[in-house]
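Chemist: Sequence:
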Amino acid sequence: MPAAILITGVGKRVGFYLAKHLAQQGHKVIGTYRSQYPQLQELEALGVELHRCDFYHDAQLDELLQKLAQQSAFKALIHNASDWLPDGDTTSALSIMDKMMRIHVSVPYTINLALADQLKANSGMADIIHITDYVAEKGSKKHAAYAASKAALQNLTLSFAAKYAPEVKVNSIAPALLMFNPDDDEHYKQKALNKSLMTKEGGEVEILNAINYLLQSHYVTGQTLKIDGGRHLV
1 MPAAILITGV
11 GKRVGFYLAK
21 HLAQQGHKVI
31 GTYRSQYPQL
41 QELEALGVEL
51 HRCDFYHDAQ
61 LDELLQKLAQ
71 QSAFKALIHN
81 ASDWLPDGDT
91 TSALSIMDKM
101 MRIHVSVPYT
111 INLALADQLK
121 ANSGMADIIH
131 ITDYVAEKGS
141 KKHAAYAASK
151 AALQNLTLSF
161 AAKYAPEVKV
171 NSIAPALLMF
181 NPDDDEHYKQ
191 KALNKSLMTK
201 EGGEVEILNA
211 INYLLQSHYV
221 TGQTLKIDGG
231 RHLV
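Each residue of the sequence shown is one higher than the one before, counting from 1 in the working numbering.
Hints are computed from structural coordinates only; laboratory data are not their basis.
The structure presented is a predicted model; accordingly, all values stated were derived computationally and were not measured.
Please note: incorrect hints may appear among the correct ones.
Claimed, not checked - Within a straight-line C-alpha distance of at most 16 Å, the following computed EDC-like cross-link-like pairs (lysine to aspartate or glutamate) qualify: (1) 142 - 89; (2) 200 - 186; (3) 99 - 83; (4) 226 - 206; (5) 20 - 49; (6) 12 - 44; (7) 226 - 201.
Unchecked claim - Ranges between beta-carbon positions, derived for each pair: (8) 217 - 85: 31 to 41 Å; (9) 158 - 54: 23 to 33 Å; (10) 163 - 123: 14 to 24 Å; (11) 166 - 2: 20 to 30 Å; (12) 194 - 120: 39 to 49 Å; (13) 36 - 167: 28 to 38 Å; (14) 165 - 106: 15 to 25 Å; (15) 83 - 141: 16 to 26 Å; (16) 121 - 193: 42 to 52 Å; (17) 192 - 113: 29 to 39 Å; (18) 45 - 138: 34 to 44 Å; (19) 67 - 36: 11 to 21 Å.
Just so you know, even glycine gets a beta-carbon here, dropped at the ideal spot from N, CA and C.
Put together the whole structure using the sequences plus the hints.
Modeler: Structure follows, in structure tokens:
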């Protein structure tokens, strides 16, 4: 059984793009998704093994881990699954923080621990890649819980890099704007583009290029690759 690449959150956008292109590159890809999307049929046609799992439910996560335990080796774990909840009032604050920490921290932490043996069983060096966010270091006025959880995920990168070396490399990718949503208006788009030196969308390919770099490296670990179009200089 060939070593697999696990990608969480492959239903749309970046996760779908990564699963599609890594499968086309010849990798065995296992993907998780929360909601059904028509494009998942395209991934199935490419041979991607799909598992529906709502990470907010313990029973579904446990079932997923039992299925993943049947895989003899993993080449990489790519933690892409995410949620983006705005901060609420005092009645909802604790719930929002719990959800953000669960999806971005508790679930990757649990999966990393559960699949440690399969990562180390890979014939070559294995990888864990956490998809964090530009706001992990900047913070956010309207999405403080989200930003804090992504910062915690970035910190997990350091812990697991030290814990699993030298058999497993562990790194983060921290993107800023990659692509707009279909309902974003022109005023918002222009305002967002002006926040970076490059004044354009990065596109999903930037994440794919970063992942390919990390997968091919034999030396980089405990690092965060920032894909932000030069936002820190604006």
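Chemist: Hints first: check each against the structure and report whether it holds.
Modeler: To see whether the hints hold, each was checked on the structure:
1. The hinted pair formed by residue 142 and residue 89 meets the criterion: a straight-line CA distance of about 11 Å does not exceed 16 Å.
2. For a cut-off of 16 Å, the pair hint linking residue 200 to residue 186 stands: about 13 Å separates their Cα positions.
3. Distance check on the hinted pair: residue 99 and residue 83 sit about 8 Å apart at the alpha-carbon level, within 16 Å; holds.
4. Taking the CA atoms of residue 226 and residue 206, the gap is about 10 Å. The hint holds against a cut of 16 Å.
5. This hinted pair checks out: residue 20 and residue 49 have alpha carbons roughly 11 Å apart, not beyond 16 Å.
6. At roughly 14 Å between alpha-carbon atoms, residue 12 and residue 44 fall within 16 Å of each other, so this suggested pair holds.
7. The suggested pairing of residue 226 with residue 201 holds, with an alpha-carbon distance near 14 Å, which does not exceed 16 Å.
8. Restraint check, residue 217 to residue 85: a C-beta distance of roughly 34 Å satisfies the suggested window 31 to 41 Å.
9. At about 29 Å, the beta-carbon gap between residue 158 and residue 54 stays in the expected band of 23 to 33 Å.
10. Checked against the hint of 14 to 24 Å, the C-beta distance between residue 163 and residue 123 comes to roughly 21 Å, which is consistent with it.
11. Range check, residue 166 to residue 2: Cβ separation about 22 Å, and the 20 to 30 Å hint holds.
12. Checked against the given bound of 39 to 49 Å, the beta carbons of residue 194 and residue 120, roughly 46 Å apart, stay inside it.
13. Checking the proposed 28 to 38 Å range against residue 36 and residue 167 shows it holds: the Cβ atoms sit about 36 Å from each other.
14. With their beta carbons about 23 Å apart, residue 165 and residue 106 fall inside the hinted range of 15 to 25 Å.
15. Here the CB-CB span from residue 83 to residue 141 is close to 18 Å, well matched to the stated 16 to 26 Å.
16. As the Cβ distance of residue 121 to residue 193 is approximately 45 Å, the hint placing it in 42 to 52 Å holds.
17. Here the CB-CB span from residue 192 to residue 113 is close to 37 Å, well matched to the stated 29 to 39 Å.
18. At about 40 Å, the beta-carbon gap between residue 45 and residue 138 stays in the expected band of 34 to 44 Å.
19. Under the hint 11 to 21 Å, the C-beta atoms of residue 67 and residue 36, about 18 Å apart, fit the expected range.
Checked against the numbered hints above, the structure violates none of them.
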